[in-house]
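Engineer: These protein sequence lines are chains A and B, in that order.
Just so you know, numbering that gives the first Met the number 0 puts 83 at position 84 of the first sequence, and the rest follows in order with no gaps.
Just so you know, numbering that gives the first Met the number 0 puts 43 at position 44 of the second sequence, and the rest follows in order with no gaps.
Careful: at least some of the hints might be erroneous.
[Unchecked claim] Under the rule of at most 16 Å between Cα atoms (straight-line distance), these lysine to aspartate or glutamate pairs were calculated in the EDC-like manner:
id, chain 1, residue 1, chain 2, residue 2
1, B, LYS74, B, GLU29
2, A, LYS57, B, GLU29
3, A, LYS57, B, ASP62
4, A, LYS57, B, ASP64
5, B, LYS74, B, GLU3
6, B, LYS74, B, ASP33
7, B, LYS74, B, ASP64
8, A, LYS50, A, ASP21
9, B, LYS74, B, ASP62
10, A, LYS57, B, ASP33
11, A, LYS50, A, ASP84
12, B, LYS74, B, ASP63
[Claimed, not checked] Here are the computed distance ranges between Cβ atoms for each label pair:
id, chain 1, residue 1, chain 2, residue 2, range
13, B, ASP61, A, ARG108, 35 to 43 Å
14, A, ALA47, B, ARG54, 13 to 21 Å
15, B, GLY78, A, MET120, 36 to 44 Å
16, B, ASN37, A, ASP109, 47 to 55 Å
17, A, ARG43, B, ALA42, 26 to 34 Å
18, B, GLY92, A, ASP99, 18 to 26 Å
19, A, GLU67, B, ARG93, 31 to 39 Å
20, A, ASP109, B, GLY78, 50 to 58 Å
21, B, LEU68, A, ARG123, 36 to 44 Å
22, B, PRO12, A, HIS111, 37 to 45 Å
23, B, ALA86, A, ARG108, 23 to 31 Å
Bear in mind the hints are in silico, worked out from the structure with no lab data behind them.
Virtual Cβ for every residue (Gly too), placed ideally from N, Cα, C.
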Amino acid sequence: MLRLPAQVYTQMVAHCLSGLPDEACGLLGGDLAAGAVATCYPTRNLAASAKLYTVDPKQHLQADRDAEAKGMAIIGVFHSHTHTDAYPSATDVAQAPDPDWHYVLVSLRDTHPMVRSYRIMGERIDEEPVIVEPAP
Amino acid sequence: MPVEVRLPTVLRPHAGGQSTVSANGATIGEVLNDLVTNYPGMAGQVLTEDGTLHRFVNVYVDDDDVRYLEQLDTKVPDGATVSILPAVAGGCGR
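Just chain A, same shape as in the assembly (with noise of 0.2 Å):
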């Protein structure tokens, strides 16, 4: 289960919908072990490609080093597709970086975004519920 404040999913989703025609994609800061998320971090997509993204390595030691310094991890990454599911493709499977990071998906194809979560392990592929919070 993946646990994302309100505020994380807007902003998510708006740096998604602000990335296109290109895929967009950003870190997301929390606690690993409850799959709580509480922080969004943005980051440039320096494949700057509709089809294939890559998370900016400076923006991902800032975003790591932040984390730390709140107590928290990097515990997942997401990414829109543009004009396909939000279903990891071939390309997400095989450079899924930890088993234990939640690998958010955010399809941009329909008039709604619609974002889904996913553990990876290995080629396994498991779906996970997202629950989203309302601010305090």
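Here the structure of chain A is known, so what remains is to put chain B in place on it, guided by the hints.
Structural biologist: For chain B alone, coordinates are given in the frame of chain A:
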């Protein structure tokens, strides 16, 4: 002179769960080889079989990505922090 090496979550199980470890070396190549010697479970995840930097990781000396410096020959000054992070990429691919 030992330097501090920050590990990504995916490598921490190979270091007893530690997020930061010490390693010795004057260059990134020496530091990473010392790291793999001390924590053999990381072999193949940081360096390739032919001893080059694995393409699925990014390594930094303080704020600088070593791929834009001298790669494994990049000097590691006293007191520097080495950070290892996974390269994060993917995409719909079509």
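Engineer: For every hint, state whether the structure bears it out.
Structural biologist: Comparing the hints with the structure gives:
Between LYS74 (chain B) and GLU29 (chain B), the direct Cα distance comes to roughly 10 Å. Compliance with the 16 Å bound is thereby established for this hinted pair. Taking the CA atoms of LYS57 (chain A) and GLU29 (chain B), the gap is near 23 Å; set against the 16 Å cutoff, the hint is violated. Restraint check for LYS57 (chain A) and ASP62 (chain B): the C-alpha separation of about 8 Å stays at or below 16 Å, so the hint holds. Between LYS57 (chain A) and ASP64 (chain B) the CA atoms are separated by roughly 8 Å; this keeps the pair inside 16 Å, and the hint holds.
A C-alpha spacing of about 14 Å is found between LYS74 (chain B) and GLU3 (chain B), which places the hinted pair at or below 16 Å, so the restraint holds. For the given pair, LYS74 (chain B) sits about 15 Å from ASP33 (chain B) by alpha-carbon distance, which is consistent with the 16 Å threshold. A threshold of 16 Å between alpha carbons decides the hint, and for LYS74 (chain B) with ASP64 (chain B) the separation of about 12 Å falls inside it, so the pair holds. Simply put, LYS50 (chain A) and ASP21 (chain A) have alpha-carbon atoms about 7 Å apart, close enough for the 16 Å limit, and the pair holds.
A distance of roughly 13 Å separates the Cα atoms of LYS74 (chain B) and ASP62 (chain B); the hinted pair therefore holds under the 16 Å criterion. With a C-alpha separation of about 25 Å, the suggested pair LYS57 (chain A) and ASP33 (chain B) falls outside the 16 Å cut-off, and the hint is violated. With a C-alpha separation of about 13 Å, the suggested pairing of LYS50 (chain A) with ASP84 (chain A) holds against the 16 Å cut-off. Proposed proximity of LYS74 (chain B) and ASP63 (chain B) is supported: the alpha carbons are some 11 Å apart, at most 16 Å.
Between ASP61 (chain B) and ARG108 (chain A) the Cβ separation comes to about 41 Å, which falls inside the hinted range of 35 to 43 Å. A hinted range of 13 to 21 Å for the beta carbons of ALA47 (chain A) and ARG54 (chain B) is consistent with their spacing of about 19 Å. Checked against the given bound of 36 to 44 Å, the beta carbons of GLY78 (chain B) and MET120 (chain A), roughly 38 Å apart, stay inside it. Checked against the given bound of 47 to 55 Å, the beta carbons of ASN37 (chain B) and ASP109 (chain A), roughly 51 Å apart, stay inside it.
At about 32 Å, the CB distance of ARG43 (chain A) to ALA42 (chain B) agrees with the hint of 26 to 34 Å. Here the CB-CB span from GLY92 (chain B) to ASP99 (chain A) is close to 24 Å, well matched to the stated 18 to 26 Å. The hinted window of 31 to 39 Å between GLU67 (chain A) and ARG93 (chain B) holds, with their beta carbons roughly 36 Å apart. As the Cβ distance of ASP109 (chain A) to GLY78 (chain B) is approximately 53 Å, the hint placing it in 50 to 58 Å holds.
Here the CB-CB span from LEU68 (chain B) to ARG123 (chain A) is close to 37 Å, well matched to the stated 36 to 44 Å. Take PRO12 (chain B) and HIS111 (chain A): their Cβ atoms lie about 39 Å apart, and the range 37 to 45 Å holds. For ALA86 (chain B) and ARG108 (chain A), the hinted distance range of 23 to 31 Å is satisfied, since their beta carbons lie about 27 Å from each other.
The earlier numbered hints that this structure contradicts are 2 and 10.
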